[in-house]
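Q: Sequence:
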Amino acid sequence: MQIDSYLDSHLDESIAELSRLVAQPSVAAQNWGMEEAAQLVAEMLQARGFNTQILPTGGPPVVVAERQGRNQSKTLLFYNHYDVQPPEPLDLWDSPPFEPQQREGKLYGRGVSDDKGHLVSRLFAIDAILEVDGELPCNVKFVVEGEEEVGSVHLPEFVRQNKDLLAADACIWEFGGVDHREVPIQSLGMRGICYVELSVETADVDIHSGLGGSIFPNAAWRLVWALNTLKGPDERIRIPGFYDPVKPPTSRDIELAKAQPDLAEEYKTRFGVQTFLKGLTGGVELYLAEVFEPTCTICGLTSGYQGIGSKTVLPAKASAKV
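The opening residue of the sequence shown carries number 795 in the working numbering; numbering runs sequentially from there.
Keep in mind that a hint or two might mislead.
Stated by the list, open to error - Below, in silico cross-link-like pairs of lysine-lysine (DSBU-like), each with a Cα-Cα straight-line distance of 35 Å or less:
| id | residue 1 | residue 2 |
| --- | --- | --- |
| 1 | Lys-1041 | Lys-1025 |
| 2 | Lys-1052 | Lys-935 |
| 3 | Lys-1025 | Lys-1062 |
To be verified - Now the in silico label distances, taken between C-beta atoms and shown as ranges:
| id | residue 1 | residue 2 | range |
| --- | --- | --- | --- |
| 4 | Phe-1036 | Gly-863 | 43 to 49 Å |
| 5 | Gly-1103 | Gly-1077 | 34 to 40 Å |
| 6 | Gly-1035 | Gln-833 | 28 to 34 Å |
| 7 | Lys-1105 | Val-990 | 27 to 33 Å |
| 8 | Arg-985 | Gly-1006 | 18 to 24 Å |
| 9 | Arg-985 | Glu-882 | 23 to 29 Å |
| 10 | Lys-1105 | Ser-915 | 29 to 35 Å |
No lab work stands behind these hints, which were simulated from the structure alone.
Keep in mind the model is a prediction, meaning the values are calculated, not measured.
Quick reminder that beta carbons are idealized off the backbone N, C-alpha and C, glycines included.
Go ahead and model the full structure; you've got the sequences and the hints to work with.
A: This is the structure:
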């Protein structure tokens, strides 16, 4: 049996395993199901003959696993994460996020793609290699964390404390898959993240806007004015020194970017947008901006009355996730 034949004939088994993992909630931002998800990942690796450990951090545990291969002088490390983004708003789902369902040849559920699908696909590939060749071509390690979606807060210290355990000749990060042309892709790097929550409090309680609108400070306006100092209408970040450490793409980066397909129409169709920022229309300029230019994004805003209808309120508090 060849590897491709194994993959084709065992696809349903892999989808079932992915469904099992997706059905286990693991929302890092809400500390929901983290221990259970780590245990499930460990069991999946153990079932494939990996020596597996669940190691503590200051947050969700990290699963580390290793299996020796034919060439024991070489080690390949896979990085993945078992945590997922919060599923809200729930009313936008056609099916419950942690009850995976197949529709029109696709599996729907929170984490199917990012990142449980990537983890299971790698395990599926290992199954095929073991079935066809009987052993892995080299040593293989996995490090599977539970905080990627909240910035991998404890991972740097974990790596420093476990350098020998994680030592490898190469590491393949979480991403991979196929693009809109069904062509396999592998990312060579990604931008980092600094995620903060900004909050303003101007009073102990909300005040009737008719009473206080002209004499009391409004937390929502204070926050709006503060956010306005971060980025201008020209999309340039206004934070002093923000661009100082930014490295421009190299000639090799530009060469690789030119070899990529134009994603403009694909993005418009997928996301329902008509235009791009800064007058971009597509091609290599769009790709370079997406990959190499830093930005500042307002991810959420909260203040005042959010219910149905109207309420004349002067907000005492306001917050933004940036």
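Q: It remains to establish, for every hint, whether it holds in the given structure.
A: Now for the hints, and whether the structure bears them out:
no., hint, result
1, Lys-1041 with Lys-1025, "holds (20 Å)"
2, Lys-1052 with Lys-935, "holds (34 Å)"
3, Lys-1025 with Lys-1062, "holds (24 Å)"
4, Phe-1036 with Gly-863: 43 to 49 Å, "holds (45 Å)"
5, Gly-1103 with Gly-1077: 34 to 40 Å, "violated (47 Å)"
6, Gly-1035 with Gln-833: 28 to 34 Å, "violated (44 Å)"
7, Lys-1105 with Val-990: 27 to 33 Å, "holds (29 Å)"
8, Arg-985 with Gly-1006: 18 to 24 Å, "violated (42 Å)"
9, Arg-985 with Glu-882: 23 to 29 Å, "holds (24 Å)"
10, Lys-1105 with Ser-915: 29 to 35 Å, "violated (49 Å)"
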